[in-house]
Amino acid sequence: MARDPIDLLHGTLDVLVLKTLSWGPMHGYGISRLIEERTRGVLEIEDAALYKSLHRLERDGSIEAEWGLSENNRKAKYYRLTVRGRQELRAETNTWRQYATAIFNVLETA
Amino acid sequence: MWDLQAIRRLIRLPWRSRARIARDIDDEFQFHLDMRAAELVARGMTPERATLEAMRRFGDVDGAREYCRSMDERSTTEERRRNWFAELGSDVRFAVRQMRRSPVFTVLAIVTLSLGIGATTAIFSVVNRLLLDPIPFADGDRIVNLNRSNLEGNLYVTPTPTLVEAWRKNVRSVEGIATFGSQDVLVGAGDEPEEVQAGTISANMLPLLGVRPIIGRPVLAEDTKVGAAKVVMLGYGIWKRRFGGSRDVIGESLTISGEPHTIIGVMPRDFNTPFMDGGVRQLWLPQVDDPNADGAQAIAKIRSGYERSQVDRELTGVMKALSAEHPAFKDWKALALRPQDYLGSTTQDTLLVLLAAVGMVLLIACANVANLLLARATTREREFAIRAALGAGRWRVIRQLLTESGVLALGGGALGLLVAYKGLDIIVALRPDRLAELDEVRLSPTVLVVSLGLTVLTGILFGLAPAMFAAGRDIGDALKNATRSASGHVAARRFRGALVIAEVSLSVLLLVGAGLLVRTMVTMQRAEIGFAPAGLVAASVRLPEERYPKPEQRRIVFEQLMQRFRAIPGLGEMTWSMGVPPRTGMTFGDLQIEGRALKESERVSAFWSQFAPAEYFRLIRLPLIAGRAFGADSSGNEIIVNDAFARRYFPGASAVGRRVRLGNDGNWNTIVGVVGDITVPRTGRGARGGRELQLYFPFTGDFESATLIVRVGSGVADLPRRLSREAAIIDPAIRVRDVATVSDMLVKELAGTRFNMSLLVTFAAVALVLATVGLYGVIAYSVSQRTREMGIRLALGAGRPAVLRLVMSQGARLTIIGVVVGLAWAAALTRLMQSMLYGVDPLDPVTFALVGVVLGFVAVLASYFPARRATRVDPVVALRAD
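Top to bottom, those sequences are chains A and B.
Position 106 (the first sequence) corresponds to 218 in the working numbering; numbering is contiguous.
Position 70 (the second sequence) corresponds to 120 in the working numbering; numbering is contiguous.
It cannot be assumed that every hint is accurate.
[What the hints assert, rightly or not] Between beta-carbon pairs, the in silico distance windows are:
#1 ALA203(A) / GLU103(B): 36 to 46 Å
#2 VAL154(A) / ARG444(B): 31 to 41 Å
#3 ARG131(B) / ALA212(A): 23 to 33 Å
#4 VAL154(A) / GLY94(B): 17 to 27 Å
#5 GLU103(B) / VAL154(A): 46 to 56 Å
#6 GLU98(B) / ARG186(A): 30 to 40 Å
#7 ALA442(B) / ALA203(A): 31 to 41 Å
#8 VAL154(A) / GLU137(B): 45 to 55 Å
The hints are simulated quantities; they were obtained by calculation from the structure and are not laboratory data.
Bear in mind that the values here come from a model prediction, so they are computed numbers and not experimental data.
We put the beta carbon where it would ideally sit given N, CA and C, even for glycine.
In isolation and in its complexed conformation, chain A is listed as follows (with noise of 0.2 Å):
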């Protein structure tokens, strides 16, 4: 890792989490794997940052969570995006997009 992780932006994490999960259920850790991988590295969650998130969104409605087996057998808690979260994934998204246009359209402007 040539620099230090980009610090998340207030708000990012909920809906990377949400993005994640459209994929199917997961639990906490995969989900923290599964954002590593996809940013290369270059967003680097902290952990506790991911399950206050996670909570957070249960309490919204956006994501429910039910105990299940892991991989190797032990006992997870999954989270799964309801219709509500897939909702809100929508809208943040194209938040997002117009936001990072917005950005972009005056960084290229010579």
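Given chain A's structure and the hints, the job is docking chain B onto it.
Chain B only, in chain A's frame:
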């Protein structure tokens, strides 16, 4: 989508406890740390370092744990609440569906409840207004009426302005003393001025009560000075009626008793000063601050932290200190009185009896609805069994049923408010004159809260027992449904029987109470009153004070009036007097008898009195027992006493010729005659024993007002107008009013008793109807449940009369027990209404027996119809059923 979530919610395990939430979070974190450590070990780290590294990467474990725990706990609580409401919602929807499916039951239950809740709410409003919260102002419970009282304590007199001034200066235990009075005034100019009652108030009255005018300004100190510009505040009613509620009235001029007054403000709706007799006033004038004026009523607000007895002591002390200059204050004490003190124990007893009675009606209503619900619950047994089989817990079924009764109760409560609202109108229409403050009775917030509480309570009261029975049934039994008369029903049937017995006994109690009052009313109407009111009409005649300032002038006017009235064709004998018995005057003064010292126990200082010319006694047929009536030239020092007086003070001797006087400084009056007693029946504690002492003075005609009593033959139409016309010929400002037959006036004397009687009879009637319905319901239901049994009996050759007897004996048993219990209660409780009774014993055997018979008759009716149906059961059909 909603359905899926609902199902998920149902399948989800029970709510997580706090401990469980904490454990789950720990497990979750531990899993994460283990996985991370394993990953690091796989990359070649030693297990020890891997564990440490996993911890480091996790970050603030404790902080995360705290955060997650608070999130989870909150979402659990929220979901639990959401779920509770969702269940309540579906319970309510289900309840409403159930109610729609059996409209007869629903209407019956709601109407029954509304009668109970409505009547209770209405009576509670009255009790609240008169007893609990009689002064509806801020800190009303600290407002008292200040009075002087003689040492016997049977006479209250308003304080003089001097005394009020001294109290204001020296009494520390009250925050302020305001004064008020009342006077009749004529509003408007022209031919038809309106006669209204005005109140007068001191400038500090409204601040003391915390009242502001709705528009304009209140009476201020400068308005009360002698000779100040004339101003007036309008009452809400006259403002709406005469001025159309216009806000522009301020500053306008209004002619009051011939003088222009500037309108300065308008009082809030229904405003009245506490302790004002005779209801809401139309106009409010400044109470003129004149030390030489007659006494006005005084009210004070007790400083918080002080007791009423402290106020009494302080007031009395200040008054005694003044007795050097005012000897009259020496033998008096001062009293701070609450409105309840004026009501008298009789009215208080009455209100409590009425409240108890109406509470019984409510209990009967509850018992009735509980009965209906129980009957229905047994027919819905299969439904409950299926629910139970599907996993609904006992508590869940109870909750469902309680929701149903709650919905019924709310329906009953809503309709009950309407009943209460209408009921209050009726109560106000029936109210006796002396309860004028009832005109302001409203369904106040307090009353509404109590009513809501009552509704909830009734819902639980009548809903709980049926719910418990329904939930307690064995599932298997109920599903098989082969156990119609089996053990499970016995408890419910006994309970229903007990309910009916309770209903019947309460109705008996109410009927006995009502019966005693009816007997009281009859006895009072038949009571010997000592004179003959038949054919007599009375009218009150008032001279315009300012035009005839001298007694001589007034005497002449009254003579002229009499001459004119005599000329009206169709009128018989007539006479002047002061009021119509028993509503005449009171005369005060320590009685003294010439040549005899009175014992302490014989001293009296207040007398019922009448001013009457010679012809008065003849006209009202009041017998002369000894001596003579007044002569045409009777002077001020002749007096006539009643029989009771003569017997008390001159036992065994003739009273005629003896001399008496009232007070030390008055003239001696010679007793010239003794007349019969006027005894108008009155209820109340000790009212029967004491015959009142009555004094008659010659009518001298030097008053501003007098009463004309005239014998009227038939066919004198339009008497009020003819009297007014004759009077107007002498002076158009003379007022003739309150023309009514003496009999009607006497009927008014019974208003209080009639009021009690009407209410109690109504309650008893409602109770009787409800109890009858309850009894009918139980018998009819038991017949429908025993159809098969009846069929078998008939098939085996039991005659129809035997079946009839069987069913009816069931009703008879319940009724007899109920009647016996009810009569026992009545025997124990009716003495509480002793003060409402006249000439009838609380244990009056006639009433008791009659009530028993009435209930027996009703019970026979109630069980006859279901019994007849039982005899018509077709054995074949009955045996084939299910």
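Against the structure, the hints come out as follows:
1. Range check, ALA203(A) to GLU103(B): Cβ separation about 37 Å, and the 36 to 46 Å hint holds.
2. One distance hint, 31 to 41 Å for the beta-carbon pair VAL154(A) and ARG444(B), is violated here, with the actual separation near 59 Å.
3. ARG131(B) and ALA212(A) have their C-beta atoms about 40 Å apart, which leaves the hinted 23 to 33 Å range violated.
4. The hint said 17 to 27 Å for the Cβ distance between VAL154(A) and GLY94(B), and at roughly 24 Å that hint holds.
5. The hinted range of 46 to 56 Å is not satisfied by GLU103(B) and VAL154(A), whose Cβ atoms lie roughly 20 Å apart.
6. The supplied range of 30 to 40 Å is broken by GLU98(B) and ARG186(A), whose beta-carbon atoms lie about 21 Å from each other.
7. In this structure the hint that ALA442(B) and ALA203(A) lie 31 to 41 Å apart at CB holds, the actual value being about 40 Å.
8. With their beta carbons about 49 Å apart, VAL154(A) and GLU137(B) fall inside the hinted range of 45 to 55 Å.
Hints 2, 3, 5 and 6 from the list above are not met by this structure, while the remaining hints are.
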